[in-house]
Each structure stands twice: as structure tokens, then as C-alpha cells.
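Note that the numbering used here has the sequence shown beginning at 1, numbered continuously upward.
There could be a bad hint or two in this list.
Distance ranges between label pairs, derived from CB positions [as the list claims (entries may be wrong)]:
#1 Phe61 x Ala116: 15 to 23 Å
#2 Glu73 x Ala32: 17 to 25 Å
#3 Gly34 x Arg78: 35 to 43 Å
#4 Asp71 x Gly34: 36 to 44 Å
#5 Ile79 x Ser15: 20 to 28 Å
#6 Asp36 x His98: 46 to 54 Å
These are computed hints drawn from the structure, not numbers from a lab.
Please read all numbers here as calculations on a predicted model, not as lab measurements.
Beta carbons: idealized from backbone N, C-alpha and C, even for Gly.
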Amino acid sequence: MISDKQRKRVLGYISKGVEEGATCLVGGPDAATGFDKGFYVRPTLFVDVDNSMTIAQEEIFGPVLAVIPFDDEEDAIRIANDSVYGLAGNVMSGSLEHSLAVARRLRAGFIGVQGAAPTVPTPRSAATRTAG
Numbered sequence: 001m002i003s004d005k006q007r008k009r010v011l012g013y014i015s016k017g018v019e020e021g022a023t024c025l026v027g028g029p030d031a032a033t034g035f036d037k038g039f040y041v042r043p044t045l046f047v048d049v050d051n052s053m054t055i056a057q058e059e060i061f062g063p064v065l066a067v068i069p070f071d072d073e074e075d076a077i078r079i080a081n082d083s084v085y086g087l088a089g090n091v092m093s094g095s096l097e098h099s100l101a102v103a104r105r106l107r108a109g110f111i112g113v114q115g116a117a118p119t120v121p122t123p124r125s126a127a128t129r130t131a132g
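I would like the entire structure built from these sequences, with the hints used as guidance.
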């Protein structure tokens, strides 16, 4: 992390994820070990995440991933769009055409397809939503 303040902020989100009932598979709120200098946070993966949880709704700006289950494509799109944030997203599927169709339905300023880095803003600019 860029500073101790940011490290503490990210660790706070990780603790909040645990408090709200998400399952931490790797990482967690404990300090990263083996570093003499710097502000390190262990990469953290959460499952059993509900989209209403803080870790699903905030831009954490740290090595934290929340895996949110979905029932079908419509549910996945609803979950992806159910946030005040909309800076970037990425869509992957077995079909480029299908990924592009789903990408057009997402409300984000930058959308990557098939793992490509999102580099071109969409017509639905992120300026219409919050970006932290």
C-alpha cells in the first residue's frame, strides 16, 4: 500500500468482511510478514459474499477479492450494476459476441472483454456514477 493509513483502511475492510459473515479463504486481516519496510497487506479472497456486504459495495483499493454467487446471467448483470460505483468492469465467456453483448449492459466507464484491460471509455461514462 502507498501508506500506513491506506494499509489500515484496507485491513479495516477485510475485518468488516469477516464481521459481516463472508468466509475468508486466504489472506485476512493479520499483518503480512517477512517485510522489513513498507505497508503490505496479504492478498485476500472472500467467498459467501452477499452483494449488500461492505466488501462488495466499496472500492477498497487493495488486494481484496469478493466472490459473489449468481443464479443466471440476468442476476450477474443486476449484481454488477448494483453499486454507486462504475469505474471499470470485465466480462469473460466462451464467446466474444456474448461477452460484448453482456458488456453493453453494464454501467461502467471502462469495460474490458475476454480478460483484456479496459482501456477505452464506454459511451456510458463513469462520470455518471461515483468513482472514488
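Practice task
Find the hints from earlier in the document that the structure breaks and name them by number, from lowest to highest.
Solution key: 2
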